[in-house]
Amino acid sequence: MVTLLYFASLRERLDCAREEVALPPGTPTVGAVVDSLRARDGRWSEAFAPGRAWRVAVNQRMADLATPLKPGDEVAFFPPVTGG
Amino acid sequence: MAHVRVQEGPFDAGREIAALTEGRRDVGAVATFVGMVRDLNEGARVTRMSLEHYPGMTERALEEICAQAQARWDLLDMRVVHRVGPLEPGDAIVLVAVSSAHRGEAFAACEFIMDYLKTRAPFWKKELTPEGERWVEARSSDEEAASRWSGGKGG
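Top to bottom, those sequences are chains A and B. Just so you know, we're using our numbering here: the first sequence kicks off at 37 and counts up by one. Just so you know, we're using our numbering here: the second sequence kicks off at 108 and counts up by one.
Chain A with its partners taken away, still in its complex shape (with noise of 0.2 angstroms):
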C-alpha cells in the first residue's frame, strides 16, 4: 500500500484529501498509479488529464511519473505552489 495526498484545488476538485490504495503490480511507479487514478471517472481523468498543471512528491520530495514507489511511500498530488 501507499498513502496518496491531495491538496488545494486538487484536494477540492477531487473531494479526497488522503487515502491508501494498492501498488500497482510489477515494477510500480508514479506513473503507474496516476494510470490507475485517471482510470477511476471523468472527474479523475480531467484532474490528471495530459498537459494539466499538477506537481507530485513522494516522501515530501518533488518527484515525476518514472519516481520508483515501494511499500509505505507517500505521494502527495499538487497544482503548482503559491506562497510567498
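Hints are computed from structural coordinates only; laboratory data are not their basis. We put the beta carbon where it would ideally sit given N, CA and C, even for glycine. A few of these clues could be false.
[Unchecked claim] One-sided and incomplete, this derived list gives chain A residues near chain B with beta-carbon spacing under 8 angstroms: (1) 43; (2) 44; (3) 45; (4) 58; (5) 62; (6) 93; (7) 96; (8) 99; (9) 114; (10) 116; (11) 117; (12) 118; (13) 120.
[Stated by the list, open to error] Example chain B residues on the side facing chain A (calculated, C-beta under 10 angstroms, incomplete): (14) 142; (15) 155; (16) 158; (17) 171; (18) 221; (19) 225.
Based on these hints, arrange chain B on the given structure of chain A.
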C-alpha cells in the same frame, strides 16, 4: 544553521533580525524581505486570504532552499518564517532574513531564497474576492525569476 518556521500567528520582524545578530560581532550585513498581503490581485479586490501548506514537506523544502543558498554564498545565518491559515490585506505573510559579513552576499541570497520559495515550497493561496473564492494561479514570471539562478554562481 538556517532557522525555518511555519506558523499561523504573526511574526515580529525585529525579533527575527535580532536573533541573527545577538551575541555576535562578525555580522556586517543583514538583508531582509517581508512579503505582504495586498488588497488587489489580478484586477480583483481581495478581502481575505487563506494559505494552505503541506506540513513536513514545507519545512524540508525551505531547509533545502536555505542549504542551496549557503552553498552558493558566504553566509553567516538565515531565517525564513512563513504564515499559513487566514490572512487579511496588510498582513505580513513571509519573512526572509540573511546575515553575512558583506552586503552583496546577503542581498543576493535573500532574493534567491524568495525566488525559490515562490516556485518550490508547497504553499497555496486562496483569495476571497467580491465574486467569491478562488485559488491563486501560479505565475510564469515567478518561474522565470527562479530560473535566473540556474547556471552560473551568484546570478
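Against the structure, the hints come out as follows:
no.: 1; hint: 43; result: holds, 6 angstroms
no.: 2; hint: 44; result: holds, 4 angstroms
no.: 3; hint: 45; result: holds, 4 angstroms
no.: 4; hint: 58; result: violated, 23 angstroms
no.: 5; hint: 62; result: violated, 27 angstroms
no.: 6; hint: 93; result: holds, 6 angstroms
no.: 7; hint: 96; result: holds, 4 angstroms
no.: 8; hint: 99; result: violated, 11 angstroms
no.: 9; hint: 114; result: holds, 6 angstroms
no.: 10; hint: 116; result: holds, 3 angstroms
no.: 11; hint: 117; result: holds, 5 angstroms
no.: 12; hint: 118; result: holds, 4 angstroms
no.: 13; hint: 120; result: holds, 4 angstroms
no.: 14; hint: 142; result: holds, 5 angstroms
no.: 15; hint: 155; result: violated, 16 angstroms
no.: 16; hint: 158; result: holds, 7 angstroms
no.: 17; hint: 171; result: holds, 9 angstroms
no.: 18; hint: 221; result: holds, 6 angstroms
no.: 19; hint: 225; result: holds, 4 angstroms
In summary, the structure is inconsistent with hints 4, 5, 8, 15 from the numbered list given earlier, while agreeing with the others.
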